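Enquirer: The lines below spell out each chain.
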Amino acid sequence: MNDLDWLESQSIYILREARSRIDRLAMLWSLGKDSNVMIWLAKKAFLGRVPFPVVHLDTGLEFPETYAFRDRYAREWGLDLVADECPPIEATDATLAPNSRLAARKTLGLAQAIERYGFKGIIAGIRRDEQATRAKERVFSPRRADGAWDFRDQPPEFWDLYCAEAPPRGHVRIHPLLHWTEIDIWRYIRRERIPVVPLYFAREGKRYRSLGEIGITFPIESEAGDIDAIVAELRGIRTPERAGRAMDHDSEDAFERLRVAGYM
Amino acid sequence: MDAVAARDEGQRALPIVIVGHVDHGKSTLVGRLLHDTDSLPEGKLAQLRAISDKRGVELEWSFLLDALQLERDQGITVDTTQIWFHTAKRRYVIIDAPGHKEFLRNMVTGASRAEAAVLVIDAKQGLSEQSRRHAYLVRLLGIEQVAVAVNKMDLVGYDEARFAAIAAEIRAYLAGLGLRAAAVVPVSARHGDNVAAAGASMPWYSGPSVVAALDGFAPRPPLVDQPLRLPVQDVYRLDDRRILVGRVESGRLRIGDALRINPTGRLARVAGIEDWNRSAPRREAIAGESVALTLDEEVFAERGHLLSAPHAPPLTASAIAARVFWLDEEPLAAGRRLQVRIGTREIDATVIGLEQAVSVENLAVSNVASLERGGVATALLHGVVPFAFDSFQDNASTGRGVLLQNGHVAGGFIVDRAIEIAQQRNLTAVAPTVTRAERERANRHRGGVIWLTGLSGAGKSTIANATLRRLFDAGWQAQFIDADNMRAGLSTDLGFGRSDRTENIRRVAHVAKLLAEGGTVALVALITPLRSHREVARAIAGEDFHEIYVSADLETCRARDPKGLYRLAEAREIAAFTGLASPYEPPVAPDLVLDTAASTVEQSVATLTAYVQRVLAPAEAEARPRGELRLAAAAS
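Heads up: the protein sequence lines correspond to chains E and R, in order.
The working numbering numbers the first residue of the first sequence as 1 and each following residue consecutively.
The working numbering numbers the first residue of the second sequence as 1 and each following residue consecutively.
Simulated from the structure, these hints should not be mistaken for lab results.
Do not rely on the hints blindly, as some may be mistaken.
Just a sample of chain R residues kept apart from chain E, beta carbon distances all over 10 Å, derived [to be verified]:
1. D8
2. A13
3. P41
4. K54
5. W84
6. N106
7. R190
8. A196
9. Y236
10. R303
11. G407
12. G412
13. L427
14. T428
15. Q479
Some chain E residues near chain R, calculated using beta-carbon distances under 10 Å [said to hold, decoys possible]:
16. T59
17. G60
18. E76
19. D80
20. A97
21. A166
22. L178
23. P240
24. D250
Bear in mind the structure is a predicted one, so any value in this text is a computation, not a measurement.
Even for Gly, the Cβ is constructed at its ideal location relative to N, Cα and C.
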């Protein structure tokens, strides 16, 4: 087994644990590279079909290319897509910085979906290497009824004997990609030929390294027009992956505040 | 391919945990490692400076990992974290573990993911209890590669003698654990001495730097050469095929190989390995691979079963001695009931004793009555059904587990050995002066356990009670054990949580077994919702156990609601009511099915009475096999 085989096997094991132990399960599909890998892994784990709803937290502010991608692959991959509109920005915590409030719409959208469909498990494609508070996450992360992440009191999680118990009226977040890195993701996309939104590839000297909403996501200078070039670029790059995501940089604790309140 | 690509392709990042007492400089060492190996992202150093300035402190490396505001403001690592870095040789995942005693569970969480450890000791403070505890736990978790960084050498004037004293002390302690430190390195993490390069302050030291010591470690090889162990995670149905999924924990399997399903002992062969979108079909899988298998015949298997090679099965025993590290607020003591998880199997168990608690200070062992949070001792665990496992020595993945309390992890353990309950408690089996055969001859029928399972309202009690009358009138010795009556007496101390429910079933099964051994027909009416519950009863009653499925759909039961329980449950006055909030798993191969939605009470009673009189007819009369009876019952 090489490193990608090992990462894949571990993720499949996690997805199968989630499916076996949690009845009402859903997967978040942000349409980004990581969540496409996650859907791919689910198809591997469940032998060709994704056996639970796939949720796109729609703010109406995705790039046109992103919506085109969603509509095409929801059909081609046979997904049971839930794409309800997130609550408006007025509904978010007004003490947050403006960029954070845009992101917080997704937190509310997720809470709305959990309430509406009664999900007890939410599979999310976050990775430890993306962001320092995500690095502290558990693979199976219990959330209280309000969706909040109680980082002061995370349960022990040994080896891979995961605990799938949800708090009363709460849910469990499952993170099957936590142990992957950005470069792992791209090498796996290359190996498996997984489709991604074309915005990741450079056009006129710019490409999106991390994909979010219009207005709070910015491209990087890059000439990487294909996956080989992206992998080569990432081996030498010194800037953080989420540097182009405005919501992370409003203040020192901007992202932590979002996550504690239930953001992915 | 360039050098960086060559380093990264195909090679898993080696996970290393940094452990040690709070404030001995673990997070600082990690920050320095990243900086000195040129692994920090652009702008990160400036950001750390800004964050440090804001708090009025000197450049604080630990802020790199202590990402939470709470951690930065209090200057303490709360939870374990991971960060990637690389040397010229390979990629690493550094796992930073909190050193504060309060967060021991987070330390163990981090350390359980590692394959090597760096123990950080403050040169000024020396070894603390927590340094020793971390070393002990690292060893217990199965990590055999350890390096020691004696940090803050700058605070002791780079004193060689001070270093030598600490080095001797920690080497001796590790030797007591059966560990040999790959290196003991004098370090100043703050200034970078001996982190990635030697520096000028300690010319008397000629050993490896921390980075060189890390590069000397090796990834843990997968357990390919051990016997096959594959815990079943789930069973999928695809078209009409049944597919068993799970991860090969050790060994290998090929299409055509015979497998043993533990604990049932049934054998089957691997017919195929299923995959989606794989370039070439798999004919073989080795330790570490997740697989989906079809078998060559229909054998019962479910989550929790352990597949093994037929010639090298796991150990099977009802009781084990396990080395436990306890993390729950409430101390662990004999009599405590909890769940034991090994692989994908969860078994209700009772702690029947504690022994050999270890003092991490000097590794002395002593007997204790209870085990406090953070403590380590051997616990004797008695399962309601047998465990299938290996000793940790023989197989790390099937020789370890967690202890659960109400679904939460309360501790972890590694398996030492199987134990004999009777021997353990100095019990001697006593043979009664009147034998079962004598009683059965006198009664002119055999004893047995007739176990009626089904939803509340399906008719279990009504049918069992009426059958009791019929049997008695026919001159049979019979007794009726009703769930409610049991709970009003023998089980008044039990609630309806998972552990208590299983304990109630265990008690009922033992009472029923006692009656059966006295030649009596024990009619039991108990929901027994889960297959695992009925397995508990079957394990106790053995050959005497007859599983009778009293079947009626939920709607019918809800409409009947003889005890008014559905109304209460719907009004949320009963939590976890079977059929509504908690599941009922119908039997897979019951000995008799009584469909009470389709037949009258009288018909069901007649069917059950006939069944009992047939299967428990006197031993000398030839009883017909069970399968045939099931057909007869279904036809009547």
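Enquirer: Confirm or reject each hint.
Expert: Going down the list of hints, with the structure as the test:
1. In this structure D8/R is not separated from chain E by more than 10 Å, as the shortest Cβ-Cβ distance comes to only about 7 Å.
2. Not every beta carbon of chain E lies more than 10 Å from that of A13/R, the smallest distance being close to 7 Å; the non-interface claim is violated.
3. With a least CB separation of 5 Å from chain E, P41/R falls inside the 10 Å interface cut-off, contrary to its annotation.
4. Against the 10 Å criterion, K54/R falls within the reach of chain E, whose nearest CB is about 8 Å from its own CB.
5. The Cβ of W84/R does not lie farther than 10 Å from every Cβ of chain E; its closest approach is about 5 Å, which violates its non-interface assignment.
6. Its closest Cβ contact with chain E, about 7 Å, brings N106/R to no more than 10 Å, contrary to its assignment away from the interface.
7. Against chain E, the non-interface label of R190/R holds: every CB pair exceeds 10 Å, the least being about 21 Å.
8. Against chain E, the non-interface label of A196/R holds: every CB pair exceeds 10 Å, the least being about 18 Å.
9. Distance check for Y236/R against chain E: the nearest CB is about 7 Å away, which does not clear 10 Å, and the non-interface claim fails.
10. At roughly 6 Å from the closest C-beta of chain E, the C-beta of R303/R falls inside 10 Å, breaking its exclusion from the interface.
11. Not every C-beta of chain E lies more than 10 Å from that of G407/R, the closest at about 3 Å, which undercuts listing it as non-interface.
12. Not every CB of chain E lies more than 10 Å from the CB of G412/R, the least distance being 5 Å, so the non-interface label is violated.
13. Every CB of chain E is more than 10 Å from the CB of L427/R (nearest about 32 Å), matching its label as outside the interface.
14. Every Cβ of chain E is farther than 10 Å from the Cβ of T428/R; the closest lies at roughly 37 Å, confirming the non-interface assignment.
15. Consistency note on Q479/R: stated as away from chain E, and its beta-carbon is indeed over 10 Å from all of that chain's, at 38 Å minimum.
16. Checking T59/E against chain R by beta carbon gives a least distance of about 26 Å; that is not within 10 Å, so the hint is violated.
17. Interface hint status for G60/E: violated, as the beta-carbon distance to the closest one in chain R is roughly 31 Å, over 10 Å.
18. Using the Cβ-Cβ criterion of 10 Å, the hint placing E76/E at the interface with chain R is not satisfied: the shortest such distance is roughly 13 Å.
19. A least Cβ separation of about 17 Å between D80/E and chain R goes past the 10 Å threshold, and the interface hint is therefore violated.
20. The interface hint given for A97/E is violated, since its Cβ lies 15 Å from the closest Cβ of chain R, which is over the 10 Å cut-off.
21. At about 9 Å, the closest approach between the beta carbon of A166/E and any beta carbon in chain R falls short of 10 Å, and the interface hint on this residue holds.
22. Checking L178/E against chain R by beta carbon gives a least distance of about 9 Å; that is within 10 Å, so the hint holds.
23. Hint status for P240/E: holds, given a least beta-carbon distance of 5 Å to chain R, under 10 Å.
24. For the restraint placing D250/E at the interface with chain R, the shortest Cβ-Cβ distance is roughly 14 Å, beyond the 10 Å limit, so the hint is violated.
The earlier numbered hints that this structure contradicts are 1, 2, 3, 4, 5, 6, 9, 10, 11, 12, 16, 17, 18, 19, 20 and 24.
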